[in-house]
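Q: Start from the sequences and build out the full structure, keeping to the hints where you can.
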Amino acid sequence: MEIRLQGLGVSPGIAIAPVIIHARGRWRVPVYDITDPEAELERFQEALESTREDLLRLYAQTTAALGSGHAAIFQAHLMILDDTVFQQEVAEMVRGRRCNVEHALDRVSRQYLDRLGLLTESRFQERHADILDVVDRLMSRLLAVQPRRLADMDQPAIVIAPDLSPSDTVGLNRDLVQAIVVEAGSVTSHSAILARALEIPAVMGIASVSAKAVPGALAVVDGTDGVVILNPEPETLRKYTAAREIFLCRQAAYAGETTQGPALTTDGQAIVLQANIELPAEVAHGLRAGAQGVGLFRTEYLFLGREDLPGEEEQFEAYVEVVRAAGGEPVTIRTLDIGGDKLAAYLQPLHEANPQMGWRAIRFCLAHPEIFRAQLRAILRASAFGPVRIMFPLVTGPDEFRRARAFMDRVATELREESVAFAEEIPVGAMIEVPSAVVTADILARECRFFSIGTNDLIQYSLAVDRVNEKIAHLYDPCHPGVIRMIAQVVNAANARGIECAICGEMAGDPLYAELLVGLGVHTLSMAPVALPFVREAIAAISREEAQRFAMQVLGMDSADTIRDLLTRRYRERTLTAASTPIPETAR
Amino acid sequence: MAMRADSGIMEARDDIRVINTLGVHARPASMIVETALKFQSNVYIQYKGNMVNAKSIMGLLTLGAAQGSQLTVICTGPDAQDALEAIRQLFASGFGEA
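Protein sequence lines, in the order shown, are assigned to chains A and B. With the numbering used here, letter number 179 in the first sequence gets 179, and the count goes up by one each step, no holes. With the numbering used here, letter number 70 in the second sequence gets 70, and the count goes up by one each step, no holes.
Watch out, some of these pointers could steer you wrong.
[Claimed, not checked] Pair by pair, the computed Cβ-Cβ distance ranges are:
(1) Asn50/B - Arg410/A: 45 to 51 Å
(2) Lys48/B - Thr236/A: 53 to 59 Å
(3) Ile9/B - Glu313/A: 43 to 49 Å
(4) Ile9/B - Leu118/A: 29 to 35 Å
[Unchecked claim] So, partial list: chain A residues that the calculated Cβ filter (under 10 Å) puts toward chain B:
(5) Ser109
(6) Asp114
(7) Arg115
(8) Leu119
(9) Thr241
(10) Gly327
Just so you know, these hints were derived from the structure itself, not from any lab. Note that CB positions come from ideal geometry on N, CA and C, so glycine has one too.
A: Spelled out as structure tokens, the structure:
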């Protein structure tokens, strides 16, 4: 029977494929007596050596592909592998009990895992996954079975897992993994970031999905809407097959050479399209899909999934890589947008009842001058290599922006005194995502060089809706008249001062809203690279004049439902005329 | 600290407090292993009735010693005193945490 599960869509796209369930540490470990312990230990040595080679290779590959920060995990695994006390304990058991080495490895490692399980702090518990990972590699070598590493998959499949370790995710085979579904995790988790960078559809946060799924059975994953359907009915399959076809065709059709430059309306108005990225590798995806630079470079990935803070040099290298990859197009770097809850690994554990309204983003950075300073120095230094813009997240009003700006100016003075090169004219702007920033946008516009509206947070904060709370998630509504009025207010404030107003939230990447946003006067839309062709196509079908009239009409409407109906109808009509094929809802 | 020579084996031991914010997590653990491996002596760390070999990263990880924990370091062997001193300094330095 068809099972439909709702999770969090963290990487867009649609996949239809058989399921493989990836779980570690579930070996059927053989137990038998042996007569020659030394021969048995010889096998152990061979397993240790080949595993060491694997880890060294993975370390080198990951460093080359994603940087040393992501590769550090393999160094940690090498240390575990090289633990001589652990190796001796296994050897002693093999000699003493004359048992096979797999059994000894299983028993000895289990003691460590059990003890780790008793610890209460998550920071210590996390090492559980590392030990399992290493034991898993050794075991697969010893049993000479095809290691069930994701890197070694041989057929296209949807990977379903209780969790994915960083080493699993960095080793994903992009050609075979059709989608990822993980029980744990969130939009900002390491696996989510990598899935987006690799352009693999991904859904997270579906409890016990790996128990419900049947290996080999067909499933549908919609990474845009966060939907997973196990054992889909023929009707569902038809619907999603069509949606997937359209998604892929349009993506291919609009990612050719003709798609460079700004998106043009039928009456010649240019709308700048930019890419939201996290990893340097994504810049190329964005440019290929016609982005004119990076509208939102999220820097959090540098800080996640590790135990120490990235230093100025490491950040500098990452930022320069992005600036270089952008090839002269502007790169808008958002300063750190996470807080104490995410950085718990190297700060005092911080338990906030409500981290969304807590010590995060610009508040956190202003309270941690050493962290903020290192990041700003790295960004400023990167500006010597190409056009860079700086954006502060979660600005609530003018004072906060001024404090951040003043801090940045001090950092710039420092660099100047040290004779370190950086661009003197760096545009500094505010991310508008808190209602108080909307209301004070006219004041902010005097001091900001640009605005970028983060619609996801703006909607959450202004409608008081936590999207992760399933009881109220449906109340999250971009069509709410309050939301549309706020966007209009910010755009008007920007236009009155002649500064740029961009949108970098999900609304920017949904073609449904393109006409409304253009009509409201937005200049720039920044989105996941995968969404660029669809928005470009939507803009090509509208005229600015009509869009402006349409926006006025929408601003005069009084209900989210009627606004949504109207937007949907207009969008369908346009795409019908343009492509003469109906666009299933799921293709958006 | 006690120092004695029973049947030729030197032993040095002392209580040490974990002062760094993060406690004995992965990075400090790897630093302890590196330091302990420089000495011939056996180095053990005892915490809450759990005694682990300080030359074993896996053992150290299972200690779960958070900030403020009181540990006992026991070194036995020809360079026990030097080993103890090196471990003590490492803990006192806070493992170079910012």
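Q: Each hint needs a verdict: does it hold in this structure or not?
A: Hint-by-hint comparison with the structure:
{"no.": "1", "hint": "Asn50/B - Arg410/A: 45 to 51 Å", "result": "holds, 48 Å"}
{"no.": "2", "hint": "Lys48/B - Thr236/A: 53 to 59 Å", "result": "holds, 54 Å"}
{"no.": "3", "hint": "Ile9/B - Glu313/A: 43 to 49 Å", "result": "holds, 47 Å"}
{"no.": "4", "hint": "Ile9/B - Leu118/A: 29 to 35 Å", "result": "holds, 32 Å"}
{"no.": "5", "hint": "Ser109", "result": "holds, 8 Å"}
{"no.": "6", "hint": "Asp114", "result": "holds, 9 Å"}
{"no.": "7", "hint": "Arg115", "result": "holds, 4 Å"}
{"no.": "8", "hint": "Leu119", "result": "holds, 4 Å"}
{"no.": "9", "hint": "Thr241", "result": "violated, 46 Å"}
{"no.": "10", "hint": "Gly327", "result": "violated, 35 Å"}
Against the hints set out earlier in the document, violations occur for numbers 9 and 10.
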